[in-house]
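As given, the protein sequences belong to chains A and B, one line each in that order. According to the numbering used here, the first sequence holds residues 17 to 130 in order. According to the numbering used here, the second sequence holds residues 119 to 232 in order.
Just so you know, the hints here were simulated from the structure itself, not pulled from any lab data. Do not rely on the hints blindly, as some may be mistaken.
[To be verified] List time: in silico DSBU-like cross-link candidates among lysine-lysine, alpha-carbon distance up to 30 Å:
hint : chain 1 : residue 1 : chain 2 : residue 2
1    : A       : Lys117    : B       : Lys154
2    : A       : Lys74     : B       : Lys159
3    : B       : Lys159    : A       : Lys65
4    : B       : Lys159    : B       : Lys140
5    : B       : Lys170    : A       : Lys65
6    : B       : Lys185    : A       : Lys74
7    : A       : Lys117    : B       : Lys170
8    : A       : Lys117    : B       : Lys159
9    : B       : Lys159    : A       : Lys85
10   : A       : Lys129    : B       : Lys140
11   : B       : Lys127    : A       : Lys65
12   : B       : Lys140    : B       : Lys185
13   : A       : Lys84     : B       : Lys170
14   : A       : Lys85     : B       : Lys170
15   : B       : Lys158    : A       : Lys65
16   : B       : Lys158    : A       : Lys74
17   : A       : Lys117    : B       : Lys162
18   : B       : Lys189    : A       : Lys84
19   : A       : Lys65     : B       : Lys162
20   : B       : Lys170    : B       : Lys140
21   : A       : Lys129    : B       : Lys158
22   : A       : Lys129    : B       : Lys170
23   : B       : Lys137    : B       : Lys189
24   : A       : Lys85     : A       : Lys74
25   : B       : Lys127    : A       : Lys117
26   : B       : Lys127    : B       : Lys189
27   : B       : Lys140    : A       : Lys65
28   : B       : Lys159    : A       : Lys129
29   : A       : Lys117    : B       : Lys189
30   : A       : Lys85     : A       : Lys117
31   : B       : Lys137    : A       : Lys65
32   : B       : Lys162    : A       : Lys74
33   : A       : Lys74     : B       : Lys154
34   : B       : Lys137    : A       : Lys84
35   : A       : Lys85     : B       : Lys185
36   : B       : Lys162    : A       : Lys84
[Stated by the list, open to error] Beta-carbon label-pair distances, calculated as ranges:
hint : chain 1 : residue 1 : chain 2 : residue 2 : range
37   : A       : Pro130    : B       : Leu201    : 32 to 40 Å
38   : A       : Lys74     : B       : Thr131    : 37 to 45 Å
39   : A       : Ser44     : B       : Ser198    : 36 to 44 Å
40   : A       : Ser42     : B       : Pro179    : 22 to 30 Å
Ideal placement from N, C-alpha and C gives every residue a C-beta, glycine not left out.
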Amino acid sequence: AQSVTQLGSHVSVSEGALVLLRCNYSSSVPPYLFWYVQYPNQGLQLLLKYTTGATLVKGINGFEAEFKKSETSFHLTKPSAHMSDAAEYFCAVSVRTNAGKSTFGDGTTLTVKP
Amino acid sequence: DTAVSQTPKYLVTQMGNDKSIKCEQNLGHDTMYWYKQDSKKFLKIMFSYNNKELIINETVPNRFSPKSPDKAHLNLHINSLELGDSAVYFCASSLRDQGAYEQYFGPGTRLTVT
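The whole structure should be built from the sequences, with the hints applied where relevant.
Written out as C-alpha cells, the structure is:
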C-alpha cells in the first residue's frame with residue numbers, strides 16, 4: 017500500500033519569498049506523484065505530476081517539484097510567492113497496480129503575507 | 119465546456135432524508151471517483167468506477183450507494199442522512215490507460231445535514 021505525508025499543515029511566507037511545501041511518500045513499487053492545488057470553494061486542480069523520466073518536473077503557475085527516490089520525497093517549490101498562491105495544497109501518490117487509486121496527503125495551507 | 123460538473127452545488131437537508139448528487143464528465147475518461155472532504159480539508163476516497171464497473175469501494179456506510187449508468191456519469195445516493203455526513207463531496211475522473219491516473223475534479227457539492 018502507498019502513503020503520503022505532508023510535513024507542516026500550515027506554511028506562511030511573505031510575498032516574493034521562496035515557497036517550499038514538503039511531501040514524503042511510501043510505496044513498494046515505482047510511484048506516480050502529484051501535487052494538486054485547491055483554491056477556496058473550488059475543486060482540486062493538478063499543478064504537476066511525476067511519472068517517469070526527468071526527476072525535476074515543472075507545473076503551472078511557476079511551481080516545480082523534484083522526485084528524490086533516495087529520500088522518498090517530492091517537495092514542491094516556487095521561487096517567489098504571489099498573493100494568488102494562497103490555497104490548500106495536496107500531495108498524492110498512485111501506482112499502476114492499484115486500480116487507479118490515489119492516496120492524498122492531509123494537505124498544507126499556504127498563507128502569503130503582503 | 120465544463121470538464122467535470124456536479125449538481126447540486128449546495129444541498130441542505132434534514133437528518134433522515136435521502137438525497138442524491140450527480141456528476142458528469144465530458145473528457146472522455148473511463149474512470150470516475152467520489153471523494154469526501156471533511157471540515158479539516160482531509161480528502162478520503164469513497165468509490166471508483168471504471169467503465170461502469172465498481173473497482174474501488176472503501177469502508178463507507180452502506181447508506182451510500184454509487185451508480186454509474188455510463189462511463190460519463192456517476193451518481194451518489196445517500197439514505198437516512200446523518201449529521202456526520204455533512205461535508206463537501208467531490209467527483210473526479212481520470213483516464214486509466216494513461217497509467218498515471220491524474221484526476222480532474224468537479225467543483226464539489228457542499229452537503230449540510232441539520
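Hints, verified against the model:
With a C-alpha separation of about 14 Å, the suggested pairing of Lys117 of chain A with Lys154 of chain B holds against the 30 Å cut-off. Of the supplied pair hints, the one linking Lys74 of chain A and Lys159 of chain B holds, its CA atoms being roughly 25 Å apart against a limit of 30 Å. With a C-alpha separation of about 21 Å, the suggested pair Lys159 of chain B and Lys65 of chain A falls inside the 30 Å cut-off, and the hint holds. Proposed proximity of Lys159 of chain B and Lys140 of chain B is supported: the alpha carbons are some 21 Å apart, at most 30 Å.
Taken as a hint, the Lys170 of chain B and Lys65 of chain A pair is honoured in the structure, with Cα atoms around 27 Å apart against an allowance of 30 Å. Distance restraint check for Lys185 of chain B and Lys74 of chain A: the Cα-Cα separation of roughly 37 Å exceeds the 30 Å cut-off, and the hinted pair is therefore not satisfied. Straight-line distance between C-alpha atoms of Lys117 of chain A and Lys170 of chain B comes to about 16 Å, which keeps the hinted pair within the 30 Å bound. Of the pairs offered as hints, the one joining Lys117 of chain A and Lys159 of chain B holds, with about 19 Å between alpha carbons and a cut-off of 30 Å not exceeded.
About 28 Å separates the Cα atoms of Lys159 of chain B and Lys85 of chain A, which keeps this hinted pair within 30 Å; it holds. Proximity of Lys129 of chain A to Lys140 of chain B is assessed by CA-CA distance (about 38 Å); at most 30 Å being required, the pair is judged violated. A C-alpha spacing of about 28 Å is found between Lys127 of chain B and Lys65 of chain A, which places the hinted pair at or below 30 Å, so the restraint holds. For the suggested pair Lys140 of chain B and Lys185 of chain B, the alpha carbons sit about 10 Å apart, so the restraint of at most 30 Å is met.
Distance hint between Lys84 of chain A and Lys170 of chain B is unfulfilled; the C-alpha atoms sit about 37 Å from each other, more than 30 Å. The straight-line distance between the Cα atoms of Lys85 of chain A and Lys170 of chain B is roughly 36 Å, outside the 30 Å bound, and the hint therefore fails. Distance restraint check for Lys158 of chain B and Lys65 of chain A: the Cα-Cα separation of roughly 25 Å lies within the 30 Å cut-off, and the hinted pair is therefore satisfied. For a cut-off of 30 Å, the pair hint linking Lys158 of chain B to Lys74 of chain A stands: about 29 Å separates their Cα positions.
Using a Cα cut-off of 30 Å, the hinted pair Lys117 of chain A and Lys162 of chain B holds, with the two alpha carbons roughly 11 Å apart. A C-alpha spacing of about 36 Å is found between Lys189 of chain B and Lys84 of chain A, which places the hinted pair above 30 Å, so the restraint is violated. Between the alpha carbons of Lys65 of chain A and Lys162 of chain B the distance comes to roughly 20 Å, so the proposed pair stays at or under 30 Å and holds. Straight-line distance between C-alpha atoms of Lys170 of chain B and Lys140 of chain B comes to about 15 Å, which keeps the hinted pair within the 30 Å bound.
Proposed proximity of Lys129 of chain A and Lys158 of chain B is supported: the alpha carbons are some 22 Å apart, at most 30 Å. Only pairs whose Cα atoms come within 30 Å are accepted, and Lys129 of chain A paired with Lys170 of chain B is rejected, the gap being roughly 46 Å. Note on Lys137 of chain B and Lys189 of chain B: the hinted pairing holds, with a Cα-Cα distance of about 22 Å set against a maximum of 30 Å. Distance hint between Lys85 of chain A and Lys74 of chain A is fulfilled; the C-alpha atoms sit about 17 Å from each other, no more than 30 Å.
Proximity of Lys127 of chain B to Lys117 of chain A is assessed by CA-CA distance (about 25 Å); at most 30 Å being required, the pair is judged to hold. Simply put, Lys127 of chain B and Lys189 of chain B have alpha-carbon atoms about 21 Å apart, close enough for the 30 Å limit, and the pair holds. Our distance criterion of 30 Å between C-alpha atoms is met by Lys140 of chain B and Lys65 of chain A, whose separation comes to about 28 Å. A distance of roughly 22 Å separates the Cα atoms of Lys159 of chain B and Lys129 of chain A; the hinted pair therefore holds under the 30 Å criterion.
For the proposed pair Lys117 of chain A and Lys189 of chain B, the alpha carbon gap of about 17 Å is at most 30 Å, so the pair holds. With a C-alpha separation of about 21 Å, the suggested pair Lys85 of chain A and Lys117 of chain A falls inside the 30 Å cut-off, and the hint holds. A hinted pair counts as satisfied when its Cα atoms are at most 30 Å apart, and Lys137 of chain B with Lys65 of chain A does not qualify at roughly 35 Å. For a cut-off of 30 Å, the pair hint linking Lys162 of chain B to Lys74 of chain A stands: about 27 Å separates their Cα positions.
For the hint pairing Lys74 of chain A with Lys154 of chain B, the CA-to-CA distance comes to about 29 Å; that is within 30 Å, so the pair holds. The straight-line distance between the Cα atoms of Lys137 of chain B and Lys84 of chain A is roughly 45 Å, outside the 30 Å bound, and the hint therefore fails. A threshold of 30 Å between alpha carbons decides the hint, and for Lys85 of chain A with Lys185 of chain B the separation of about 39 Å lies outside it, so the pair is violated. Of the supplied pair hints, the one linking Lys162 of chain B and Lys84 of chain A holds, its CA atoms being roughly 26 Å apart against a limit of 30 Å.
Range check, Pro130 of chain A to Leu201 of chain B: Cβ separation about 39 Å, and the 32 to 40 Å hint holds. Range check, Lys74 of chain A to Thr131 of chain B: about 44 Å between beta-carbon atoms, so the 37 to 45 Å window is met. Hint check: Ser44 of chain A to Ser198 of chain B, Cβ distance near 39 Å, so the stated range 36 to 44 Å holds. Checking the proposed 22 to 30 Å range against Ser42 of chain A and Pro179 of chain B shows it holds: the Cβ atoms sit about 28 Å from each other.
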